[in-house]
Amino acid sequence: MAIKSISSSLLTRVLSVYFVLTLIVTAVQIGAEYFDTKRVLIAELQNQQSTFNGSLTRSLWEFNSNQIDTIADGLISIPAIAGVLIRDDAGNILVQLGETTEMSDLPDDNSEGMLLPEREGIFGYYDSLIFEFSGHSTKVGDVSLFSTRDIAIDRIKVSLGFIIGNAIIKSTFLIVLFTIAFNRMLSRPLSDLTQQIKGFRLDNLERSRIRLNDQHNNELVLVEQAYNQLLDNIEEYQADLDRTQKKLKAANRQLDEQNAILEQEVARKTSRLSQVMLDLEQRKNELEMRQEKLEREVGQRRAIENTLRQSNQRLESSLNHLRETQQQLIESEKMASLGGLVAGITHDVNTPIGISVTASSYLREKLDTLDQSLLNKELTQAQLKKFIEEGRESLNLLDNNLHRASDLISSFKQVAVDQASDAIRDINLKSYIEDLVQSLQPHLKKTNHQVQLECADDIFIRCPAGALSQIFTNLILNSLRHAFDGIDNGVMTISINLDGETLQVRYSDTGNGLSQDQLSRLFDPFFTTKRDQGGSGLGTHIVRNLVTQTLSGEIRAESEPGDGLSYFFSFPVQVLN
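With full-length UniProt numbering applied, the sequence shown corresponds to residues 1 to 577, in that order.
A hint or two may mislead.
[What the hints assert, rightly or not] Computed cross-link-like contacts, SDA-like style, restricted to lysine to any residue with a CA-CA straight-line distance of at most 20 Å:
#, residue 1, residue 2
1, Lys-246, Lys-269
2, Lys-293, Lys-377
3, Lys-198, Gln-225
4, Lys-284, Ile-234
5, Lys-157, Leu-220
6, Lys-247, Glu-281
7, Lys-38, Gly-161
8, Lys-38, Asp-150
9, Lys-366, Asn-376
10, Lys-38, Phe-133
11, Lys-377, Leu-395
12, Lys-293, Arg-309
13, Lys-247, Lys-284
14, Lys-430, Thr-447
15, Lys-246, Glu-257
16, Lys-157, Lys-293
17, Lys-386, Lys-38
18, Lys-377, Glu-393
19, Lys-445, His-482
20, Lys-246, Lys-284
21, Lys-38, Ser-8
22, Lys-157, Leu-23
23, Lys-247, Asn-259
24, Lys-247, Leu-231
25, Lys-157, Ala-250
26, Lys-446, His-482
27, Lys-430, Lys-446
28, Lys-445, Gly-490
29, Lys-446, Gly-113
30, Lys-366, Phe-131
[Unchecked claim] Quick list of the computed label-pair ranges, beta carbon to beta carbon:
#, residue 1, residue 2, range
31, Val-28, Gly-121, 20 to 26 Å
32, Ser-50, Thr-70, 14 to 20 Å
33, Arg-184, Arg-13, 14 to 20 Å
34, Val-40, Gln-67, 26 to 32 Å
It is worth saying that the hints were derived from the structure and are not from the lab.
No residue lacks a Cβ here, since even glycine has one placed at the ideal position from N, Cα and C.
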């Protein structure tokens, strides 16, 4: 029968698993690179559209076709843009350059900031062009910018080469390393062991002993020790047998001398002696069996101890790795939450600033017209009066929108700083939470849901404000994402009471609630009811860690299907008088 090498079989299985894992990881990395590059291209389309939006809106309002063509040529010359489609307010195409999708893919309503899905390798970003003046908004058209899959692939060619080359180099190195290691640690010692066992001679037990080189505290050393111990036992048994034979010879000589006069006694004693010998032989066999069994048990216990020690080390290493991975995921979730706030507040700030730019442009035009009339000596009182009225209206528009932008930035600034740090600050609790809710308005204004705050005006405390901000941000965003499916007018209530130096908080929503099974896993990492919609399952896990670890408090949750979800948590604070 052909002998199959243990080393070759084990090496083949290890390398097969490694190759499959390497192939999967490489494919995932390539896919991630492509979709990340696609997101960057879409962000560039949004940035370019924001940059040219004001000028293009103005040109459409003034029916300036030359300026529209110039802007379209400038956009199509940007490497990330493969196509430009500009339509007027009636949906008629004014400019269509490069690669674009079908008209049926574009929305028919006044949608703003809409991503166009990829179709036949083309994707893009659509936005309406709104001209605002004197408090009125008028749609003058829309613009769509397109990019292609070829542009995305061209950008990641270097990354693809690096990923594939890296996988090939690592695989080659591990093949060589595993081959050398298996040959040195398994194939060569087993071959050496086999050759020495084949040289066994019963008449020369000392030369039959196994001596393995370069082996330290492994299973082969146990085999060597057990085999050599067996030879020692054989030597002892041979010595016992020689001594027994000598005793029998001596007894036989004595029996021969007494044979003549003690023939009958000899026969009787010989029978007794035979029985004694049988008993001795039986006891000897029993002792040998017990000794062999004891040796096997000792060997098994040593093997089990080594296996348990190695398993302990692997489990400890895995636990440390899991803790590090969990911390990294929590930090990533915190930064992702902050990024969402930044994107929302940026969009809200852009609106009043854009209105202010339009008003200042209009005021500058009217000033130029008034100056020209004054130089031509054609200025009338009616023109001057009309200019003053329009100028006052434009200045009011500028003042209101700039104050709005300033308020948005102020309310967001401290919340964003707190979420990125663990600094301890002195805060007015009600004012701080109101600023936090204001920073979340970009998420709330898209819905009819409301946040109600029940908190005294005079609660001044010293605490890690960043942790508090993260807790309420995650709770409010969780309610918006998960609680109000099928509910149009949801209410989120924050009730806060100060009991001595302990802050007691109740957060509740009027959403759909959770089942008892879902409630029991609410704080588990990676548990989410919307896994297929991008939910990470870390929001409530982060909340529990912040309450119990950062704030040294306690938290629990209650819910019934259809009755909403409530969180109750408390933590010690330093009250400021």
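Against the structure, the hints:
Of the supplied pair hints, the one linking Lys-246 and Lys-269 holds, its CA atoms being roughly 19 Å apart against a limit of 20 Å. Using a Cα cut-off of 20 Å, the hinted pair Lys-293 and Lys-377 is violated, with the two alpha carbons roughly 124 Å apart. Between Lys-198 and Gln-225 the CA atoms are separated by roughly 17 Å; this keeps the pair inside 20 Å, and the hint holds. Only pairs whose Cα atoms come within 20 Å are accepted, and Lys-284 paired with Ile-234 is accepted, the gap being roughly 13 Å.
The suggested pairing of Lys-157 with Leu-220 is violated, with an alpha-carbon distance near 50 Å, which exceeds 20 Å. Restraint check for Lys-247 and Glu-281: satisfied, since their Cα atoms lie roughly 15 Å apart, inside the 20 Å limit. Between the alpha carbons of Lys-38 and Gly-161 the distance comes to roughly 18 Å, so the proposed pair stays at or under 20 Å and holds. Proximity of Lys-38 to Asp-150 is assessed by CA-CA distance (about 11 Å); at most 20 Å being required, the pair is judged to hold.
Proximity of Lys-366 to Asn-376 is assessed by CA-CA distance (about 15 Å); at most 20 Å being required, the pair is judged to hold. This hinted pair does not check out: Lys-38 and Phe-133 have alpha carbons roughly 36 Å apart, beyond 20 Å. In summary, the hint linking Lys-377 to Leu-395 is not supported, as the alpha carbons are separated by about 26 Å, beyond the 20 Å threshold. Restraint check for Lys-293 and Arg-309: the C-alpha separation of about 24 Å exceeds 20 Å, so the hint is violated.
A hinted pair counts as satisfied when its Cα atoms are at most 20 Å apart, and Lys-247 with Lys-284 qualifies at roughly 17 Å. Among the hinted pairs, Lys-430 with Thr-447 is inconsistent with the structure: their alpha-carbon atoms are about 24 Å apart, more than 20 Å. Distance hint between Lys-246 and Glu-257 is fulfilled; the C-alpha atoms sit about 17 Å from each other, no more than 20 Å. Our distance criterion of 20 Å between C-alpha atoms is broken by Lys-157 and Lys-293, whose separation comes to about 66 Å.
This hinted pair does not check out: Lys-386 and Lys-38 have alpha carbons roughly 51 Å apart, beyond 20 Å. Between Lys-377 and Glu-393 the alpha-carbon distance is near 26 Å, which puts this suggested pair outside the 20 Å criterion. For the proposed pair Lys-445 and His-482, the alpha carbon gap of about 17 Å is at most 20 Å, so the pair holds. With a CA separation close to 18 Å, the supplied pair Lys-246 and Lys-284 stays within the 20 Å bound.
Using a Cα cut-off of 20 Å, the hinted pair Lys-38 and Ser-8 is violated, with the two alpha carbons roughly 44 Å apart. A distance of roughly 18 Å separates the Cα atoms of Lys-157 and Leu-23; the hinted pair therefore holds under the 20 Å criterion. The suggested pairing of Lys-247 with Asn-259 holds, with an alpha-carbon distance near 18 Å, which does not exceed 20 Å. Taking the CA atoms of Lys-247 and Leu-231, the gap is about 25 Å. The hint is violated against a cut of 20 Å.
Taken as a hint, the Lys-157 and Ala-250 pair is broken in the structure, with Cα atoms around 95 Å apart against an allowance of 20 Å. This hinted pair checks out: Lys-446 and His-482 have alpha carbons roughly 15 Å apart, not beyond 20 Å. Restraint check: the Cα-Cα separation between Lys-430 and Lys-446 comes to about 24 Å, which exceeds 20 Å; the hinted pair is violated. Under the criterion of a C-alpha separation no larger than 20 Å, the hint pairing Lys-445 with Gly-490 is consistent with the structure, at around 13 Å.
A distance of roughly 13 Å separates the Cα atoms of Lys-446 and Gly-113; the hinted pair therefore holds under the 20 Å criterion. Pair hint Lys-366 plus Phe-131 holds up; C-alpha atoms about 17 Å apart against a cutoff of 20 Å. The supplied range of 20 to 26 Å is met by Val-28 and Gly-121, whose beta-carbon atoms lie about 22 Å from each other. Remark: the range hint 14 to 20 Å for Ser-50 to Thr-70 is upheld by a beta-carbon distance near 18 Å.
The beta-carbon spacing between Arg-184 and Arg-13, approximately 19 Å, falls within the hinted interval of 14 to 20 Å. For Val-40 and Gln-67, the Cβ-Cβ distance of about 29 Å falls inside the hinted range of 26 to 32 Å, so the restraint holds.
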